[in-house]
Amino acid sequence: MAIDNETIKHVAHLARIDLQQNELEKLSSQLHDIIGFIDKISKLDVEKIAPASHILPISNVLREDNPHVSLTPEKALENAPEKKGNFFSVPKIIE
Amino acid sequence: MELNQLTAHELLAKLKNGSIAVQAIFDSLYQRLDKVDDKVKAYVRRGNLEKSGEKSGNQADLLGLPITIKDNICTEGLNTECCSKILQGFRPPYDATVISNLKRSGAGIFELKANMDEFAFGSSTENSYFGSTHNPWNLDCVPGGSSGGSAAAVAADEAIWALGSDTGGSIRQPASFCGVVGLKPTYGRVSRFGLIAFASSLDQIGPITKDVEDAAILTRIIAGYDPNDSTSINQKVPDYTKSLTKDIKGLKIAIPKEYFVEGMDPEVKAVVDEAVNKLKELGAVIKQVTLAHTEYAVPVYYIIATAEASSNLARFDGVQYGYRAKSDNLIEMYKKTRAEGFGDEAKRRIMLGTFALSHGYYDAYYLRALKVRTLIKQDFDKVFSEFDCIVAPTSPSAAFKIGERTSDPLKMYLSDIYTISVNLAGIPAMSIPCGFTRNKLPVGLQIMAGAFNEETIFKVGHTFEQNTDWHKLKPIIRP
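Protein sequence lines correspond, in order, to chains C and X. Residues in the first sequence are numbered from 1 upward in steps of one, following this note's numbering. Residues in the second sequence are numbered from 1 upward in steps of one, following this note's numbering.
Among the hints, erroneous ones may be present.
Stated by the list, open to error - Listed below are the simulated DSS-like cross-link pairs for lysine-lysine, each with C-alpha atoms no more than 30 Å apart in a straight line:
{"hint": "1", "chain 1": "C", "residue 1": "Lys48", "chain 2": "X", "residue 2": "Lys246"}
{"hint": "2", "chain 1": "X", "residue 1": "Lys382", "chain 2": "C", "residue 2": "Lys26"}
{"hint": "3", "chain 1": "X", "residue 1": "Lys39", "chain 2": "C", "residue 2": "Lys9"}
{"hint": "4", "chain 1": "X", "residue 1": "Lys326", "chain 2": "X", "residue 2": "Lys269"}
{"hint": "5", "chain 1": "X", "residue 1": "Lys269", "chain 2": "X", "residue 2": "Lys382"}
{"hint": "6", "chain 1": "X", "residue 1": "Lys287", "chain 2": "X", "residue 2": "Lys336"}
{"hint": "7", "chain 1": "X", "residue 1": "Lys252", "chain 2": "X", "residue 2": "Lys472"}
{"hint": "8", "chain 1": "X", "residue 1": "Lys16", "chain 2": "C", "residue 2": "Lys75"}
{"hint": "9", "chain 1": "C", "residue 1": "Lys75", "chain 2": "X", "residue 2": "Lys103"}
{"hint": "10", "chain 1": "C", "residue 1": "Lys48", "chain 2": "X", "residue 2": "Lys371"}
{"hint": "11", "chain 1": "X", "residue 1": "Lys16", "chain 2": "X", "residue 2": "Lys51"}
{"hint": "12", "chain 1": "X", "residue 1": "Lys51", "chain 2": "C", "residue 2": "Lys43"}
{"hint": "13", "chain 1": "X", "residue 1": "Lys411", "chain 2": "X", "residue 2": "Lys246"}
{"hint": "14", "chain 1": "C", "residue 1": "Lys26", "chain 2": "C", "residue 2": "Lys48"}
{"hint": "15", "chain 1": "C", "residue 1": "Lys48", "chain 2": "X", "residue 2": "Lys257"}
{"hint": "16", "chain 1": "C", "residue 1": "Lys26", "chain 2": "X", "residue 2": "Lys336"}
{"hint": "17", "chain 1": "C", "residue 1": "Lys75", "chain 2": "X", "residue 2": "Lys411"}
{"hint": "18", "chain 1": "C", "residue 1": "Lys83", "chain 2": "X", "residue 2": "Lys401"}
{"hint": "19", "chain 1": "X", "residue 1": "Lys257", "chain 2": "C", "residue 2": "Lys40"}
None of these hints come from the bench; they were simulated from the model.
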C-alpha cells in the first residue's frame, strides 16, 4: 500500500510530532518499505481466528478500593519542567 | 581472578564465609570501569559516579552484592532516562517493583545505569542518545540490543550481574552477541511496575548473568505477583536453583525447521548444530518440528509493538517530566518537545504505530496482527503438548559491525527474527553461550519452554553449560 506525503503529515499530527520536510520525505520512503513488508500478513486467512488481545488467560483484574498513601504533591512535581504551587504549569490555552 | 570477574554465587560464598567485604567488590568494579569503559561504554552518565560512599554489608540473602540496572527501570532518586533526550534529568520518585525486591533481598544497586537503545527501540544499542556501546569481544562490533549496556557490562566484567528488559529479544540477542546468559521470563512472571513501558503486552524484565546458576538465583528474586501490575500472575515462584540438575536423559527437545533457513550465517548454523549434538550426546531426544507461522512473526511484531509504543509514548509531552521545548502555545509545545526529544528510531516507531491504529487502517493492520498472533501462539502450544522445550539459535548472525545496519531499518528489524515469536507467545526463553565464530565472536543457543516452565530452561541450560566451557571464556580488551 502506498503511503503518501499527506498521510505522513496527518499521522505526524496525530502523533504530535513536528517533522521537518527532510524528515517527512525520509520517513515516507522508510515507512513505505516497512509497510510493504508487513503487508505480508494480508495473505493469511484469519476470518475465523480470535484476536489475541491477552496472551494469558486473565480477565477483569479488580482490586478493593481502599484508601492508601500515594506520592505527595511535592514528590510528584519534583520532575516537572515548570510548576506553579501544587500544579504542573503549561502554556496558556484560553485566550 | 579479580573479584569483578567472579559470578554472583561465587561472590556470595565468599561474602558468607567472611573472606571478603562488599566494598572490595565495588572497588574492583570501579577499577575495571576506569580501565575499560572508555572503550566499551556500557554505562551512561559516567560523570555522575561518586565512589566516596562506603558500601555497607547487608544481612539479607544477597549481602550487599552489587547489580547493574538498565536505564529504563525506575530507581528512586537515581537518574532513569531510557537513554532518551526526552527524559533528560528524570529521577524517579519511586522504585520499580523489581528494584524493591532486590533491595529487600540485600542487593546493592550500582550507581551507574546501563546503556540501551532509546526506549528499548533497537537491536544494537546504536539508538542511544548517549551513543553506542561497543562489544567487548570486538570493539568495532555492536553488543546487540536493546539491553546492550547490561550485556556488555557483564561480559567485560564491569558488572557482576544485571537486569535488562526484553520486548522482542532485547535480553537474549545482546546476551548472545556478548557471550553471556540472558533470560526473558514468561509474560506475567515478573512485575512490570516501574519499567518504562515500550509494548505492554510484550515487555518483561529479566536477568543477564555470567552463568545459568546466577540467572536462576536472580529470577527467583525478581519474580512474583505484584498488585501494582495487573498482568502479573499470582502463581508460586519456585526455587529455581533446585532445577540446576545435570540430567536431561530422555528429555524431549524440538528443533523448529523454520529457524534453520536461508539468511542464516553458516558459521552460526554450524556452531548451533554442534550444540544440538551435544544435547543429544547428553541423553536428550531430539526431533524436528514446524512452527508454521514463523515468517509472520516480524511483521506482526512491528505492528503490535509499535502500536503499543505509540500509545505508551504519548505521555512524553513535556508536561510532567523530562525535556520541554520552548513555546507559548500548548499544542506547539507538545509537537516541538517530541520533535526535539525523540531520536529517529523512536519517531519512526511512533509514526508506524500511530498509522497502524489510525482510522481506516486498524482492521487491516492492528486487528489482523492480533489474529496472526493467536496463530503463532497455537504453533507453540502444539509443540509443547509433545515436547519439553525448543532449542534454536538466538540470532541468525553473530555481532555485526557498528554502523552496518543503521541506514536500513528493515534489515535491522530482521535481526530479531528468532527472538520475536517468544514474546508474541508470552513464553520464557534463555540464551546461553554455545561457541564462537572464526572471528572469535560469541554465538548464543536459545532454549524456549511453555509458559511458567522456566525450570526446564534452567535445567537444560545448566546441563549444557556444565558440560562445556564456553561460558568461562572472557574477552580481552586491549588498552
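Each hint, compared with the structure:
1. Lys48/C to Lys246/X: At roughly 45 Å apart (the allowed maximum being 30 Å), Lys246/X and Lys48/C break the hint.
2. Lys382/X to Lys26/C: violated, 42 Å
3. Lys39/X to Lys9/C: violated, 41 Å
4. Lys326/X to Lys269/X: violated, 53 Å
5. Lys269/X to Lys382/X: holds, 25 Å
6. Lys287/X to Lys336/X: Roughly 55 Å between the alpha carbons, so the hint for Lys287/X and Lys336/X is violated.
7. Lys252/X to Lys472/X: It holds: about 27 Å lies between the C-alpha atoms, which stays within 30 Å.
8. Lys16/X to Lys75/C: Violated, at roughly 38 Å.
9. Lys75/C to Lys103/X: Distance of about 21 Å is within 30 Å: holds.
10. Lys48/C to Lys371/X: Measuring from Cα to Cα gives roughly 9 Å; hence the hint holds.
11. Lys16/X to Lys51/X: holds, 24 Å
12. Lys51/X to Lys43/C: Since the Cα atoms of Lys51/X and Lys43/C sit roughly 58 Å apart, the hinted pair is violated (cutoff 30 Å).
13. Lys411/X to Lys246/X: Violated, because 39 Å separates the two Cα atoms, which is more than 30 Å.
14. Lys26/C to Lys48/C: violated, 38 Å
15. Lys48/C to Lys257/X: holds, 27 Å
16. Lys26/C to Lys336/X: holds, 19 Å
17. Lys75/C to Lys411/X: violated, 43 Å
18. Lys83/C to Lys401/X: Violated: Lys83/C and Lys401/X sit about 45 Å apart, past 30 Å.
19. Lys257/X to Lys40/C: holds, 20 Å
Violation of the numbered hints given earlier is confined to hints 1, 2, 3, 4, 6, 8, 12, 13, 14, 17, 18; the remaining hints are satisfied by the structure.
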